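As a plain string of letters, each chain reads:
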Amino acid sequence: QKEVEQNSGPLSVPEGAIASLNCTYSDRVSQSFFWYRQYSGKSPELIMSIYSNGDKEDGRFTAQLNKASQYVSLLIRDSQPSDSATYLCAVNLEGNQFYFGTGTSLTVIP
Amino acid sequence: DTGVSQDPRHKITKRGQNVTFRCDPISEHNRLYWYRQTLGQGPEFLTYFQNEAQLEKSRLLSDRFSAERPKGSFSTLEIQRTEQGDSAMYLCASRYAAFRNTEAFFGQGTRLTVV
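Each protein sequence line maps, in turn, to chains A and B. Note that the working numbering numbers the first sequence so that position 80 is 80, with each residue one more than the last. Note that the working numbering numbers the second sequence so that position 64 is 174, with each residue one more than the last.
Hint data in this document are derived by calculation from the structure and do not stem from the laboratory. If you're wondering where the values come from, they're calculated on a predicted model, not measured in any experiment. Heads up, some of the hints might be wrong.
Said to hold, decoys possible - Think about it this way: if two alpha-carbon atoms lie no more than 30 Å apart in a straight line, the pair counts; the simulated DSS-like pairs of lysine-lysine are: (1) A/K42 / B/K124; (2) B/K167 / A/K42; (3) B/K124 / A/K67; (4) B/K124 / B/K167; (5) A/K56 / A/K42; (6) A/K67 / A/K56; (7) B/K167 / B/K181; (8) B/K121 / B/K167; (9) A/K42 / B/K181; (10) B/K181 / B/K121; (11) A/K42 / B/K121.
Chain A with its partners taken away, still in its complex shape:
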């Protein structure tokens, strides 16, 4: 079983809609959770981090964490065409290496 799993997509949403991206992880002792955005041919850039159960909001982005269900999600409100990218979920175990999912490809249709 992979440590971090994401639906590969592609996920398509119309401009202005909410995009919902989901991620599950296998290791219950995972402590830190991150969402990265990666444009084609570029390196990942950090969008959000979340460490505690519940929601964390930053502008149009909201990360949600449920440790009991081993589930983390990212909501993008008022989606823009510039949000079209691959979104990577990353889990950090005990402050050591980061495990990444395969990413979800998001397309925002104008």
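Guided by the hints, dock chain B onto chain A, whose structure is given.
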């Protein structure tokens, strides 16, 4: 520029040749990670350092791969006797790990093509 820097950005090499990549982390970051990414996949962990010590190396990593961080600052990743399957984007990331919950920041990557 205070970000993570990788050099070269692109490398084309013939099969069987050796290649070396360099990563300069953000200056105060003590943890440095190497990842490999192929098309349609997420970054795959290769190895990481805390200061100059190599703390973990992926079991999937061939003996042809070696990494160093001699003074706890920049790091190099060497691939010996390259194979076509080594073609990928090689990503370096760094973070400050005095606290558990800190983010990792990536460099722009080195894209390797083995022909």
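Checked hints:
{"no.": "1", "hint": "A/K42 / B/K124", "verdict": "holds, 24 Å"}
{"no.": "2", "hint": "B/K167 / A/K42", "verdict": "holds, 25 Å"}
{"no.": "3", "hint": "B/K124 / A/K67", "verdict": "violated, 47 Å"}
{"no.": "4", "hint": "B/K124 / B/K167", "verdict": "holds, 26 Å"}
{"no.": "5", "hint": "A/K56 / A/K42", "verdict": "holds, 26 Å"}
{"no.": "6", "hint": "A/K67 / A/K56", "verdict": "holds, 14 Å"}
{"no.": "7", "hint": "B/K167 / B/K181", "verdict": "holds, 19 Å"}
{"no.": "8", "hint": "B/K121 / B/K167", "verdict": "holds, 23 Å"}
{"no.": "9", "hint": "A/K42 / B/K181", "verdict": "holds, 28 Å"}
{"no.": "10", "hint": "B/K181 / B/K121", "verdict": "holds, 25 Å"}
{"no.": "11", "hint": "A/K42 / B/K121", "verdict": "holds, 15 Å"}
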